[in-house]
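Colleague: Heads up: the sequence lines are chains A and B, in that order. Final position of the first sequence in the numbering used here is 435; the numbers increase by one with none missing. Final position of the second sequence in the numbering used here is 252; the numbers increase by one with none missing.
Rather than coming from a laboratory, the hints here were simulated on the basis of the structure. Please note that a few of the clues may not be correct.
Derived pair list, reagent style BS3-like, types lysine-lysine, alpha-carbon separation capped at 25 Å [said to hold, decoys possible]:
#1 A:K51 / A:K263
#2 B:K192 / B:K122
#3 B:K235 / B:K65
#4 B:K100 / A:K426
#5 B:K50 / A:K428
#6 A:K152 / A:K246
#7 B:K125 / B:K100
#8 B:K108 / A:K432
#9 B:K100 / A:K395
#10 A:K428 / B:K25
#11 B:K118 / B:K100
#12 B:K118 / A:K432
#13 B:K65 / A:K395
#14 A:K395 / B:K50
#15 A:K329 / A:K370
#16 B:K25 / B:K14
#17 A:K215 / A:K24
#18 B:K194 / A:K428
#19 A:K432 / B:K100
#20 A:K215 / A:K152
#21 B:K230 / A:K395
#22 A:K395 / B:K108
#23 B:K135 / B:K194
#24 B:K65 / B:K125
#25 B:K151 / B:K25
#26 B:K194 / A:K417
#27 B:K65 / B:K118
#28 B:K25 / B:K65
#29 A:K109 / A:K24
#30 B:K125 / B:K135
#31 A:K24 / A:K44
#32 A:K432 / A:K395
#33 A:K215 / A:K426
#34 B:K192 / B:K245
#35 A:K428 / B:K108
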Amino acid sequence: MNLTENIEKQFAEVSNTNVVELRKSAFTAFEKLGIPTSRHEEWKYTNIKTKLNEELSLTPADSQVNAAVKNYIASLPPYAFRIIFLNGVFHQELSIVPDLKGLTICSLKEAFSTHTSLVEKHFGRLINYSEEHFAALNTAFVNDGAFIHVQKNVLVNEPIYIQYFFTASDVNAFTQTRSLAIVEDGGSIQIAEDFRNASNINVQYNHVSEVYVGKNSSMDIVKLQLEVSNAIGIHTLESQVERDGKFSAATITFCSPNTGTGKPVIRNNVTSRLIGENAHADLNGLYFGKENAHIDNHILVDHVAPNCTSNQLYKGVLNDEAIGVFNGKIFVKPTAQKTNAFQSSKALLLSNDASINSKPQLEIFADDVKCSHGATVGQLDENALFYLRARGISKPEAIQILTYAFAHEVIDHVHSKPIRQFLCDKLKDELKVNF
Amino acid sequence: MLSIKNLTVAIGEKKILSDFNLEIKDGEIHAIMGPNGTGKSTLASTLAGKEEYEVLSGEVIFNGKNLLEMGADERAREGVFLAFQYPVEIPGVSTTNFMKAAVNAKRKHHGLDPMDAKDFLKLMKEKLALVEMNKEFTSRSINEGFSGGEKKRNEIFQMAMLEPALCLLDETDSGLDIDALRIVANGVNQLKSKNRSFLIITHYQRLLNYIVPDFVHVMYGGRIVKSGGKELALKLEEQGYDWIKEEVGELI
């Protein structure tokens, strides 16, 4: 049985009976699209088909809470809100969801029955599953995920922490997880999505986040991909931003696989559609790749309405034989006059065998806009290195300090203080910088 | 303290220093003057260990050790300090963190434990006062957005923090207004001691009104062509370098 037949057979067994018509439609789209190969322009540098197992299992795998999961949860900062999934299955007993007026946090499965009209209004509506292979697959198969809803004018001050653990005991599992976050007009929220392989085998997962940012509201999402070294992880984050809305996404990836055993691939599709006037999007990212890590960031800001602004700031540090891919798109529709869009991609290559494929792509159909992009690939600044050494700091330590400084800018943009601090510590840890 | 013998240095194919000789004893202040392009900054950078500069021959002995065998960082830990002509901006690293790393690297080299946080803050406060800088400077990224004068004061601050034996000042006075010059010079004067020597490279005699040198040397064509006391600097200020060029013309 080939991969497509296998997936078709499994679709017949999907047990979730919510939004059945939408799922069928998404599955039909997937059948047309299939799993992409490097012949697809958007997957040119990431031949995902050759990486995924043939015998994919899309139904949720066993989700026993293991010691790795418990230890990690115990090590987390005391976030006020946390919601935990193992292999796509919600674990109420590990989650903390205090009542807050105007805020709903629950599993998507629960939301389908308790907030039916709200979920159906947005679920599968924000992503473009007729064109995106993995968004289609996810929509057809997803079993559960996080649902977050912020009512009009409600400001949530503490970050919401969503943890997706993968503990697959089945090497064929291809876990489909999903978040749906809605902030209504005038609301505000900060969310962290943390993806973590809590097993000692390679895991495969496909995650979709759909995000709706209402008028004059704000949402910050930090995607943490810090323990995904032995994983194939495909992430799609699609946001729609209304008039005067502000959206920011920071995607932080640390990928340092164990030599020989892993074939890690992290792919991020991050899209923001600015559909109301004066909307703003920051799409930032930081990635560290070691050994044979493969980290692919595809970013798109779609300027639909006039007077909107957007920034893309991506920084990468690649060592050993790691491969990075950056594809940053800015689309400016004919309606989007007075757009101000900026993009910057910088990669540090710390070894001769590391590589980056960087491709800015600006498609501008309005005539009164400001768009700029810049891409640099390089090594550390020799003058800066000498300056530190001239103060007695050894060369290896100077390299660590300068790498820290290079990377820190992205973390500096994270709005949530506890998450920023968490990332700062993680970065120091990773680079063995002790100040 | 420092003994430079027959030092010849090149960048690429170009010889910059040739047969350079200089002796500096403990506690002495030497000034080196000279027209542009005579190798003054090359001398400073070579002593600090910048790798583009290739030493073709000669030796440099610093407190009994062969300086040329050490990397830039080891020289610094042994007590050589270069105040840069063009201090480097490093976004993302605060001066506090930079100094913490530098001070502790030196302490480790000399077999000492890292300085505890309280002592470190106290030391910073004391040394900041020396160059009339406030604490806010140290939480900013190294030299980022600093004015010319602030950058040079930061160099002297770092010098004070690291308590070197040999201080190399590479045109620290260039481009400074009179207030900044006074502050920088005052900082240097307070750091003078019988165990600490200075090599001050400058274009202008003006700095030497504030920091009084024991010796003034004139560099030309990659070597010292004339030495004297502080009165030599005054003569250079009044008469320029032409008379020196004439005097030594046939030697070059």
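Colleague: Each hint needs a verdict: does it hold in this structure or not?
Modeller: Verification of the hints:
Of the supplied pair hints, the one linking A:K51 and A:K263 holds, its CA atoms being roughly 7 Å apart against a limit of 25 Å. For a cut-off of 25 Å, the pair hint linking B:K192 to B:K122 stands: about 21 Å separates their Cα positions. Pair hint B:K235 plus B:K65 does not hold up; C-alpha atoms about 36 Å apart against a cutoff of 25 Å. Between B:K100 and A:K426 the CA atoms are separated by roughly 20 Å; this keeps the pair inside 25 Å, and the hint holds.
Simply put, B:K50 and A:K428 have alpha-carbon atoms about 28 Å apart, too far for the 25 Å limit, and the pair is violated. Of the supplied pair hints, the one linking A:K152 and A:K246 holds, its CA atoms being roughly 15 Å apart against a limit of 25 Å. Taking the CA atoms of B:K125 and B:K100, the gap is near 13 Å; set against the 25 Å cutoff, the hint holds. Simply put, B:K108 and A:K432 have alpha-carbon atoms about 17 Å apart, close enough for the 25 Å limit, and the pair holds.
Between B:K100 and A:K395, the direct Cα distance comes to roughly 16 Å. Compliance with the 25 Å bound is thereby established for this hinted pair. The hinted pair formed by A:K428 and B:K25 fails the criterion: a straight-line CA distance of about 43 Å is larger than 25 Å. For the hint pairing B:K118 with B:K100, the CA-to-CA distance comes to about 12 Å; that is within 25 Å, so the pair holds. A C-alpha spacing of about 23 Å is found between B:K118 and A:K432, which places the hinted pair at or below 25 Å, so the restraint holds.
Proposed proximity of B:K65 and A:K395 is supported: the alpha carbons are some 21 Å apart, at most 25 Å. At roughly 13 Å between alpha-carbon atoms, A:K395 and B:K50 fall within 25 Å of each other, so this suggested pair holds. Distance hint between A:K329 and A:K370 is fulfilled; the C-alpha atoms sit about 15 Å from each other, no more than 25 Å. For the hint pairing B:K25 with B:K14, the CA-to-CA distance comes to about 31 Å; that exceeds 25 Å, so the pair is violated.
At roughly 32 Å between alpha-carbon atoms, A:K215 and A:K24 are farther apart than 25 Å, so this suggested pair is violated. With a C-alpha separation of about 41 Å, the suggested pairing of B:K194 with A:K428 is violated against the 25 Å cut-off. A threshold of 25 Å between alpha carbons decides the hint, and for A:K432 with B:K100 the separation of about 15 Å falls inside it, so the pair holds. In summary, the hint linking A:K215 to A:K152 is supported, as the alpha carbons are separated by about 9 Å, within the 25 Å threshold.
Distance check on the hinted pair: B:K230 and A:K395 sit about 39 Å apart at the alpha-carbon level, beyond 25 Å; violated. Taking the CA atoms of A:K395 and B:K108, the gap is about 15 Å. The hint holds against a cut of 25 Å. Simply put, B:K135 and B:K194 have alpha-carbon atoms about 30 Å apart, too far for the 25 Å limit, and the pair is violated. Of the pairs offered as hints, the one joining B:K65 and B:K125 is violated, with about 33 Å between alpha carbons and a cut-off of 25 Å exceeded.
A hinted pair counts as satisfied when its Cα atoms are at most 25 Å apart, and B:K151 with B:K25 does not qualify at roughly 29 Å. With a C-alpha separation of about 50 Å, the suggested pair B:K194 and A:K417 falls outside the 25 Å cut-off, and the hint is violated. In summary, the hint linking B:K65 to B:K118 is not supported, as the alpha carbons are separated by about 34 Å, beyond the 25 Å threshold. This hinted pair checks out: B:K25 and B:K65 have alpha carbons roughly 15 Å apart, not beyond 25 Å.
Proposed proximity of A:K109 and A:K24 is supported: the alpha carbons are some 18 Å apart, at most 25 Å. A C-alpha spacing of about 7 Å is found between B:K125 and B:K135, which places the hinted pair at or below 25 Å, so the restraint holds. Of the supplied pair hints, the one linking A:K24 and A:K44 is violated, its CA atoms being roughly 28 Å apart against a limit of 25 Å. Taken as a hint, the A:K432 and A:K395 pair is honoured in the structure, with Cα atoms around 14 Å apart against an allowance of 25 Å.
With a CA separation close to 34 Å, the supplied pair A:K215 and A:K426 exceeds the 25 Å bound. Restraint check: the Cα-Cα separation between B:K192 and B:K245 comes to about 33 Å, which exceeds 25 Å; the hinted pair is violated. For the hint pairing A:K428 with B:K108, the CA-to-CA distance comes to about 20 Å; that is within 25 Å, so the pair holds.
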